[in-house]
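Below, each chain spelled out in residue letters.
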Amino acid sequence: MLTRSVLSQTALTSELGSQSILNPKDDKSKRSLIAPLLLTALIDAFSILVIFLLINFSSTGEILFISKGVQLPNASSTDVLERNTVVKYESGKFYIDDKELTDQNGLIQELLVVRKQWAETNSGEEFPGIVTIQADKGTKYESLNSIVLAMAHAGFGEIRFAVIPK
Amino acid sequence: MKKKKILDFELNLIPFINLLSTCICFLLVTAVWVHIGSLSVKQAVGGQPASETEKKATAWIFIEKDGAVVFDVRDSRTLEAKMRKSTVPAKEGKMDLETVTKLTQDLKQVDPTLRTALIQPKAETSYEDIIDLMDTVKRAGLGDLGVVPL
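Going down the list, the sequences are from chains V and D.
Residue numbers 1 to 166, in the working numbering, belong to the letters of the first sequence in order.
Residue numbers 1 to 150, in the working numbering, belong to the letters of the second sequence in order.
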């Protein structure tokens, strides 16, 4: 019964089976020592990888760089993160686009510089005044308040809190 | 006798493999493994004078130290006086977000023009709690959010 099955017959005359040097399972007298590589399986695996990576692909790229130990808060009603001026609060220090600042006055000065640079490159256009705030979820509002106040002083009206979508 | 024509042919898979390998390399290099979103909020303090600002229904939401959430709806034409101020007590030391959602939906049902919420946290309030509250309020129908500085 078993010897008549499709599987056993396929095994007897299979490509790989016929290449065996010690016990060739083939009725052919002449055998080749070059094993044919099964490329179909390889292409299948590659296709699955490409599809998976395409689903995860983000056209905006990496906007924020999160340091080790920093955890962003979670939120469900989120928008797509856009490329704006990033103000980061980490271990008691403020950073604007990776430039370290110590206090609120420094923040205001730096935000004014950003605004001035924007006005030079986009003359005639209305200033959007958007800042992305990046901080650990355990940060107290007392610290974030300095950023909010500095933004108000420098004429930045819109805040984007960086969050991890739920 | 006419020789039988062979219809089988071999597909050259090497270019496919090259293409897929290139795609995989490119996608692996440019892949973003941590997806980050943003929660849009406006500054509650603006440069425009109060007299020039259009009067519209606004919910002021205060986060207390113990986790209680106080609602104070201002400039609403349809809300009754008793509904304008309400407090959601803390639940096990944390904000009761389920009750906040229900209260926001009730307020929104009575006054559909209510779309703005200004959140006033305390100095000790954690960033996570602020985001949780904003997210809850936004999902409940108040889409225009603002944060009030201390």
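Since the hints were made in silico from the structure, they are not lab data.
Since the model is a prediction, treat every value here as computed from it, not as a measurement.
Backbone N, C-alpha and C define an ideal beta-carbon position, used for all residues, glycine too.
Just so you know, not all the hints are guaranteed correct.
[To be verified] Covered by chain D, according to a simulated footprint, are these stretches of chain V (three or more residues, beta-carbon under 8 angstroms):
id	stretch
1	67-75
2	90-99
3	106-120
4	124-137
5	149-161
Against the structure, the hints come out as follows:
A stretch counts as covered by a chain when three or more of its residues have a beta carbon under 8 angstroms from one of that chain; for the stretch 67-75 of chain V and chain D the count is 4, and the coverage holds. By the rule of at least three residues with a Cβ nearer than 8 angstroms to a Cβ of chain D, the coverage given for the stretch 90-99 of chain V is violated, with 0 such residues. Under a criterion of three residues with beta carbons nearer than 8 angstroms to beta carbons of chain D, the stated coverage of the stretch 106-120 of chain V fails, only 0 such residues being counted. Counting residues of the stretch 124-137 of chain V whose beta-carbon sits less than 8 angstroms from any beta-carbon of chain D gives 4, enough to reach three: the coverage restraint holds.
With a cut-off of 8 angstroms between beta carbons, the stretch 149-161 of chain V has 10 residues touching chain D; three or more are needed, and the interface restraint holds.
Checked against the numbered hints above, the structure breaks hints 2 and 3 and satisfies the rest.
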